[in-house]
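Chains as they are written, first to last, in the working numbering: chain A, 1 to 435; chain B, 1 to 135.
Bear in mind the hints are in silico, worked out from the structure with no lab data behind them.
The reader is advised that the hints may include incorrect statements.
[Stated by the list, open to error] Dumping the calculated DSSO-like pairs for lysine-lysine here, alpha-carbon to alpha-carbon at most 30 Å:
#1 A/Lys311 x B/Lys119
#2 A/Lys197 x A/Lys143
#3 A/Lys306 x B/Lys119
Here are the chains, one letter per residue:
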Amino acid sequence: MSENGTEPPRKLSRRALLRSAGVAAGSLAAGSALRGMPHSAQEKPAAELPSFTGPGANPHWNSVGPIVSEPQKAPLILLTDRPVQLETALNYFLDAFTPNEAFYVRWHLDRIPNAVDLKSWRLHVEGNVSSPQAFSMGDLLRKFRAETMAAANQCSGNSRSRLQPRVAGGQWGNGAMGNARWTGVKLRDLLNAAGMKSGSVQVQLQGLEQGEGPEGMGSSAFMKSLDLDNPVIDECLVAYAMNGEPLPMLNGFPVRLVVPGYFATYWMKCLTWIRVLDKADENFWMKTAYRIPDTPRGTTTPEAMKAGGVKTVPIGRMPVRSFLVSPDGSGKIPAGMSVTLRGIAFSGYGRVTKVEISDDEMKTWKAAQLGEDFGAYSFRTWDMTWTPKTAGKYAIAVRATDEKGNVQPDEGVWNPAGYLWNRIERQEMVVGAAE
Amino acid sequence: MKLRRLFAGLVVGTAVAGGVAVAQHQLGSYAAQNLGKVSQPAARELTDDSRYGVASYPTFEVGLAEGAGRAETQIYCGSCHTARYITMQPPLPAATWDAEVQKMVKTFGATIPEADAEKIAQYLHEHYTPETRKQ
C-alpha cells in the first residue's frame, strides 16, 4: 500500500556503480561485512508501485493492486476482496489458453458462493416455456451432447484505467481477460427441452450471486438477458468444464454461460436460472448498466454526456485487440541480438487474420507470424523475430486485424462506464549498448 | 549497534552498502524489505459427497485516510462491499463522488441517513479528489 517515493531502481544502481567504480580491490571485505545490515540511506530496495494511479492514464500494463492468494487461485492482483475481483498478470498470456488458477475474477455483489451442493442444485429453465425444467449436473453430463469450444472472455471494463478523463469503476489494467476451452451443453438444447412458447423475446440469465440490497434493485440480484433473435444464442454453451477441469468456484462453478465473441457480462457464473421472457428485461443490469453510446466504437465525450441525449444500447461484441506479452520491457536487450516478440490477439467479430508490429512510431508495419487457430473467438498467439541494431529506446506497437476487416486504431475511446478500450498497445523496449 | 553503524560509516566511502561493485559488474546487492502478504494455502481435505466448496474468501484491511467521516464511510459503504472500491479509484472530482454516493442511495437502495451520506461525501472530497488525494 505504501508509496515510498523512492527513485527508479535503474537510476539508483547506475549511480551506485559509478560511485564505487575504481575502488573495487579493497571493497570485497567491506561488502561482506555490510551485507544483511539494516538498510541505510545509501541504497534503497526496489520501489513498490503506488496504491493508485491517476488522474492521468494508468501507465502500467496491469492494474496496481497488491498480490493476493484466493481459494483455487494462483497469486493474482487484487482489485477488491468483497466481492472478489482479481486481475491476471501479463506473464500468464504467453500461451493461447489462460490457466484456470490464473483466470481473472469479477463479481458484482458480495454474497458469492463458497460451496454448492450438487444434490440440491438444479439448473432451471423456466418462464415462457411449455414444460419448465430443472436439470441436475448429472442430467447435463449424461443427457445432452457435450461440445467443446475455445473462447476468450473479457470484462467489459478491461483496461478502464486507460481512459482520459478517468472514470469511476473497477480500475482494471489489461488483465481482465482470459481464454479457455469450455465444455458443456448447448443453450439451445436446454431451451428446446423446455419448449419456448410463442411471444418469447429474450432469455434471462441469473446465477447464485446475491447482494445486500433491497429486492428488485440491482444491488440484490445480478441478471443479464440476450435477445432470442440474436444468432449468438445458437453458439452459446452452458459450460461445466474449463480447460478440461471443473470451473473454479470464483469463475462460476458449477456451470457458466459461454457467449462466444461477447463481453463477459453475459457469461453468467453459477448459472442457475434460465428464464424465457415475453418482454424485454428492464432490470438494472440491462436497462441502466452495461450500456454503451450508440456511436461508432461506442465513444462519446464528457461534454456530450453532460448535455444529455446520448442514446445507449446494451454492450455486445468485443472489438479487436492485440498485446505484446514478451519481452515485457522490464529488462534491457543488447543491441544486435535477435529476440522473439510474442503475444496474443483476439476479436469478438471473428478470427484474427493479421497481427502487425511497428518499432518506428507506427511509420512502417511488419506482419507477425500467427500461431495455431483454435477457433474464431479464441486467443491467437503471434510471434516475430526482432533485431534492434542500435542502442536506444523503442516503442513496440502491436496492431491486429480481424476477418471482418476491423483494424485496431490508435485512438482511445471514452464513455462514462469505461468500456470497449481497444487502442493499439505500445510497449517501451530499452536496447542497451553491446560493444 | 552503534559500533556497527560507525563501521558502516567508515567503509561507505569505499563500498556501497549492500553490494560489491567492480568496474565490470556488481555482485551481491541485497536490500531489506517487508515480507509480502501472500501466504501459501494449505491443501484441503476433500470428501466424495455432493458438496463442492472452498475456504472463506480472505478480506484485507483497507487503508482509508484518517479524518472526519471515516467511520461513517467504513460502516455504510462497507455494509455491501469493501471500502477498497474507494481507494482503488483514481482521484475523482468532488461531483463524481457526490454522484457515487447518490447512486448507492437511490439506485442501489443503501439505507444511509441523509446527514451521514453528506458526511461520507465530504470525507471523499477531503481525501480522494485530484486536489486532495495523498495516499
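Hint by hint, here is what the structure shows:
1. Between A/Lys311 and B/Lys119, the direct Cα distance comes to roughly 34 Å. Violation of the 30 Å bound is thereby established for this hinted pair.
2. With a C-alpha separation of about 23 Å, the suggested pairing of A/Lys197 with A/Lys143 holds against the 30 Å cut-off.
3. With a C-alpha separation of about 26 Å, the suggested pairing of A/Lys306 with B/Lys119 holds against the 30 Å cut-off.
The structure shown violates just one earlier hint, number 1.
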